[in-house]
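J.: As they're listed, the protein sequences go chains A and B. Each residue of the first sequence is one higher than the last, beginning at -15 in the numbering used here. Each residue of the second sequence is one higher than the last, beginning at -15 in the numbering used here.
Some hints here could point you the wrong way.
For chains that are exact copies, the list does not tell them apart, and a pair is met inside one copy or across any two.
Claimed, not checked - In silico BS3-like pairs for lysine-lysine, Cα to Cα no more than 30 angstroms straight-line:
#: 1; residue 1: LYS174; residue 2: LYS248
#: 2; residue 1: LYS415; residue 2: LYS219
#: 3; residue 1: LYS(-9); residue 2: LYS415
#: 4; residue 1: LYS89; residue 2: LYS174
#: 5; residue 1: LYS337; residue 2: LYS292
#: 6; residue 1: LYS415; residue 2: LYS30
#: 7; residue 1: LYS292; residue 2: LYS336
#: 8; residue 1: LYS(-2); residue 2: LYS267
#: 9; residue 1: LYS358; residue 2: LYS(-9)
#: 10; residue 1: LYS219; residue 2: LYS336
Just so you know, the hints here were simulated from the structure itself, not pulled from any lab data.
2 protein chains.
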Amino acid sequence: MKNFVLKGNILYSKNSDKIEEYPDSYLVCEEGISRGVFRSLPEQYKNLPLKDYGEKLIIPGLVDLHIHAPQYAYRGMGMDLELMDWLQQQAFPEEAKYIDLEYAKKAYGIFAQQMKISATTRASIFATRHSEATKLLMELLEDTGLMTYVGKVNMDNDAPENLIEESADISAAHTIEWLDGIEGRFQRTKPILTPRFIPSCTKALLKKLQQIRTDYDLPVQSHLSENPGEIAFVKELFPEAAFYGDCYDRYDLFGQKPGSPLTKGTIMAHCVYSGDEEIALMKQNGVFIAHCPASNMNISSGIAPVRKYMEQGLHMGLGSDVAGGQTESMFRAMTDAIQMSKMYWRLVDDTKKPLTFDEAFYLATKGGGAFFGKVGSFEEGYELDALVLNDEHLPHPQKLTLHQRLERFAYLGGDVQGIVSKYVAGQCILKEQTA
Amino acid sequence: MKNFVLKGNILYSKNSDKIEEYPDSYLVCEEGISRGVFRSLPEQYKNLPLKDYGEKLIIPGLVDLHIHAPQYAYRGMGMDLELMDWLQQQAFPEEAKYIDLEYAKKAYGIFAQQMKISATTRASIFATRHSEATKLLMELLEDTGLMTYVGKVNMDNDAPENLIEESADISAAHTIEWLDGIEGRFQRTKPILTPRFIPSCTKALLKKLQQIRTDYDLPVQSHLSENPGEIAFVKELFPEAAFYGDCYDRYDLFGQKPGSPLTKGTIMAHCVYSGDEEIALMKQNGVFIAHCPASNMNISSGIAPVRKYMEQGLHMGLGSDVAGGQTESMFRAMTDAIQMSKMYWRLVDDTKKPLTFDEAFYLATKGGGAFFGKVGSFEEGYELDALVLNDEHLPHPQKLTLHQRLERFAYLGGDVQGIVSKYVAGQCILKEQTA
């Protein structure tokens, strides 16, 4: 049933300046596509089934541009480490377990269920290097109704023996086997090429991935300029590259060069330390930045210059980066992004104004949504992803505006308790429980 | 009933280095005082009533050294402002409403109830300048079973007409009226002298408060060195003071000078920009620092040098600082403190190591608890404040240690949902709901 009307207090972004507010209004969906928001219901939609959410808030679904499914198991633990140590002591040992499909089923089952009830409607997800477990993850995600990209990770360098891929050839062969194995199997769950990051990939592997990307016209996701220690290591490994992003670009894994026949984009997570050349190349190639503020705090990376990226008109969305970030809550990612931008303004560069709440909301909806097409807004023609929010568990003595209620929900109530219903591309995947 | 045994997975701090872990152990309470934690129950306690919490975690109650009760109404809203603008546009207009006792009853009723179900067992609380509403707040808090200090705010300078106190004399008179009005009325709710901060107080008022403090032997709470704009303003107002804290110290409102007959301490919130002289005076006078990381982010103040304060052996605890901070959750304050300390290390001074989880837990329990006496630990002789935590709503596929479960709860589940029971000084104020 993809033709309907939702009634309630509706908020969404057209641009990053200002959240649009429609009290007690109508959101029309036909064939999974928004026909817009109306203060009174136009005649031609009056025969559509209408669901009245009363005083509740209705907003676009939130988009998570960067999350690691296998790391969900240890979210919020082992946080007293910096990136490179954290990878060796936390990430790699956990990821090695996913060779065992029984363990993967249990762990990914939890992940998929928690993502289903979260605020996220779209996500770009790292699995592990294991192709069988990655297929399993895709099956589980397909069943949730979420729309996702999922990547089998490529890593043939600098990882423990029980996790590393034995060679570039084997990594590539497993990738092709994975891609061919899922061909045509899923409606909502798509593959994305996922070189872990430059330190994990030999040049031979990058070369193979370049070919695979061309052959399959795949999108790409990876990590970029996250941490000073990591960046120094990349310089050692790749002395010929002009900057970190150039390592990917040399193998056509960095967006789409002008005139490229490739149709799918690239997400680079973090970009905490991207310099002018890297920024210019991201802009030219249409690379999406996944800004992951919680992760950047937890593993002591630093603060990304998000205002600069916005000023320069780069594509940007937010990422939870579980388990560098401790939670899949994209409401939390929104408010973390604001808080971090304030510390950037105060401690790094006071010409870069902090993000406003409206801007952070935009990034978490339409900003990241653009990676998935016309996603993240209720404007006419957008795929209809929506959350219905109940903020009754947050008592208050005074009258609140819709904007205040939304801001408060993001700062306080961004937990699953308040998310009562969820629509993805016009399909209701989470129905309001009647008490 | 203040004599009992609690059984469960018990964690607490003796010092800031390391959390003690007692799986499946016994916490003994006699007359509200801990008799210690035992791996097997000593013979002499076997006749005490025993409550078995099974797999749940039992930890000391958390201590909030700094929170504004009237600002609870707008927690998580209007966050796109810096301190001095935020005060004028958010704090002052809301606080002015508390002249109306009906409004105060509604708003403070919400605050008291939410504090009761929160992780906090002890708190030091700002009310408004209104003595009647402050008495009402104290009544409501007394009923919760929490142990708190509450202060009627003093402010006779630089505030809107509908909030400012007309003169130092009137402010002092209302303070005395408030103190005399509550004399002997409460077991758990104590008064604390509360000059708002230096910009809000004339020197005439500070002089009056000095006398009141001496006459009533009161503790003191205020704000210190929070924000560069505020600090510059204090310098203008008080050119004769050597530093911000000196303004308070000149009126005996800054801890206890050596040899002072005063027996009650002082809490100074924030201390983001305290210099060496101020630090030395805080140390000499035993001033408690309330570190409020969320607030320092939200109103763009900066990052307090907590490692420096720990190295120097200053008294320190954590504060939620609602509504500069958006939530009363002291679990959130713990993890915010860790995250901020990582950004301090990365961006300000890389000789100051980030806080560990164990250190943040110590600050939120025994560190701040010391302001209330022997509070914040389960060591023998401590007043027994305890939380019982259920983390079953946070699924995981692998076996977890107690430390991992606690760290994860703080980072993720620090919401009221997981707090199933709560004891304050041996009294159970929140009983486990049986489903």
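J.: For each hint, tell me whether it holds in the structure or not.
T.: Tested hints:
{"no.": "1", "hint": "LYS174 to LYS248", "verdict": "within (12 angstroms within a copy, 64 angstroms between copies)"}
{"no.": "2", "hint": "LYS415 to LYS219", "verdict": "neither (50 angstroms within a copy, 58 angstroms between copies)"}
{"no.": "3", "hint": "LYS(-9) to LYS415", "verdict": "within (15 angstroms within a copy, 39 angstroms between copies)"}
{"no.": "4", "hint": "LYS89 to LYS174", "verdict": "within (19 angstroms within a copy, 55 angstroms between copies)"}
{"no.": "5", "hint": "LYS337 to LYS292", "verdict": "both (9 angstroms within a copy, 29 angstroms between copies)"}
{"no.": "6", "hint": "LYS415 to LYS30", "verdict": "within (23 angstroms within a copy, 50 angstroms between copies)"}
{"no.": "7", "hint": "LYS292 to LYS336", "verdict": "both (7 angstroms within a copy, 28 angstroms between copies)"}
{"no.": "8", "hint": "LYS(-2) to LYS267", "verdict": "within (21 angstroms within a copy, 53 angstroms between copies)"}
{"no.": "9", "hint": "LYS358 to LYS(-9)", "verdict": "within (22 angstroms within a copy, 55 angstroms between copies)"}
{"no.": "10", "hint": "LYS219 to LYS336", "verdict": "both (28 angstroms within a copy, 27 angstroms between copies)"}
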